[in-house]
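Keeping the supplied structure of chain A fixed, place chain B upon it in accordance with the hints.
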Amino acid sequence: MPIETPSQVFQELVEQHRGILFKVAKAYCPNEEEQQDLVQEMMIQIWQSLQRYDPRYKISTWLYRIALNVAISHFRKNKVHQRKQGTLQGQTPLSEDSDQPEKEQQLRLLEQFIEELKELDKALMVLYLEDRSYAEIAEIIGISVSNVATKIGRIKDKLKQRFSQQKIS
Amino acid sequence: MDDKELKALWQTQALKLEKNILLTRKYAEEISKMKVQSALASMKSPKIFTIIVGILWVGFVDFLIIGAWQSGSAFFLVSATIQVVLSKLALGIYLYQLVLISQINLGTPVLEAQEKIASLKASTLWVARLLFLQLPIWTTFYLNAQMLKQPLSLFINLLITALFTWAALWLFFNIKYENRDKKWFRMIFEGKEWTPMLQSMEFLDEIRYFQKDEEYV
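So the protein sequences, as listed, match chains A and B. Be aware that the first sequence starts at 0, since it is given in numbering that gives the first Met the number 0, and climbs by one per residue. Be aware that the second sequence starts at 0, since it is given in numbering that gives the first Met the number 0, and climbs by one per residue.
In isolation and in its complexed conformation, chain A is listed as follows (with noise of 0.2 angstroms):
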């Protein structure tokens, strides 16, 4: 069996976890084309940490830690300059055939409340929804379960408290 060189790894790595990298960066970035650049910073640094991989953790949680810390310290490089562009351009925009509008918006909401909390708040947010245990996300931020525990709870309280208000107006 041939030996995989380190640049075939990483390339089958990144094919095979693409999706962590773009729902961290678009959770992070409200611009498209920011999006593509803090992909591709966060996939430089996937690179030149590859020997400092821990087999001890489970692949996807260094992943997660990479794209998680990279997309932090872009978006508070960036702050002042996302405030400045306005929050809305980034969104999914509405599918005009699309046969589930309700579920659109939903989603829409559910980016908008995303793009408002706080970076590390975002970070808890991301991985409850990507369905980490709270084992997983406890060992991705670096803080004990209960701590993620409780700190899940209050964002769900904040979003239920969001899509009800919706669901009035």
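By construction, these hints were calculated from the structure, which means they are not laboratory data. Any given hint might turn out to be false.
Below are the DSBU-like pairs computed for lysine-lysine, each with C-alpha atoms no more than 30 angstroms apart in a straight line [to be verified]:
{"id": "1", "chain 1": "B", "residue 1": "Lys120", "chain 2": "B", "residue 2": "Lys87"}
{"id": "2", "chain 1": "B", "residue 1": "Lys191", "chain 2": "A", "residue 2": "Lys76"}
{"id": "3", "chain 1": "A", "residue 1": "Lys57", "chain 2": "B", "residue 2": "Lys191"}
{"id": "4", "chain 1": "B", "residue 1": "Lys120", "chain 2": "B", "residue 2": "Lys191"}
{"id": "5", "chain 1": "A", "residue 1": "Lys159", "chain 2": "B", "residue 2": "Lys3"}
{"id": "6", "chain 1": "B", "residue 1": "Lys181", "chain 2": "A", "residue 2": "Lys76"}
{"id": "7", "chain 1": "B", "residue 1": "Lys115", "chain 2": "B", "residue 2": "Lys211"}
{"id": "8", "chain 1": "A", "residue 1": "Lys117", "chain 2": "B", "residue 2": "Lys120"}
{"id": "9", "chain 1": "B", "residue 1": "Lys181", "chain 2": "A", "residue 2": "Lys22"}
These numbers were taken from a predicted model, which means no experiment stands behind them.
Structure of chain B alone, referenced to chain A:
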């Protein structure tokens, strides 16, 4: 909307992201073939530049001190020595920051890595404190015994040096994280070159609250 519905809603965007497969392949191929620099690594260049300029400066001042050691004015020698020692300390901080940059591993937990990055940026505050500590020597290096023989000149120089010494010490001890919201602090650190440092200090605060299981505002 329950948990399952919420997660299913989030996953609907995964389908839309599938179009990015070609882009991922292109990036991955380019990155693994070319020598690329990450944003973190690019923080090194300005620090290395400052260290080189700093080494040249302290080398120059050291040269002046050695040259003036036998026949130079005592005021100049003492002032220049204090200046060069403080500059060397500032150089040490820049070297420490370089070491920190190389130690940051983005594959470690988010809070750990972010705390290191924020501390790195916030440590620039030490450079500012050391720079202010140099204030009084700019009022003494040009003095000579002749100038101080006249009572009026002696009084004015003493007064200015005392004022600058007081201001330098006061700023050295008061320029700290806890005073970041004070008006005088904001006035000194106004401008975009200080913004990342101030934001990092605020972020360090957020990280601390986040770790403590308190809701941060």
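Let me make sure I understand: some of the numbered hints might not hold for this structure. Which ones are they, in numerical order?
3 and 9
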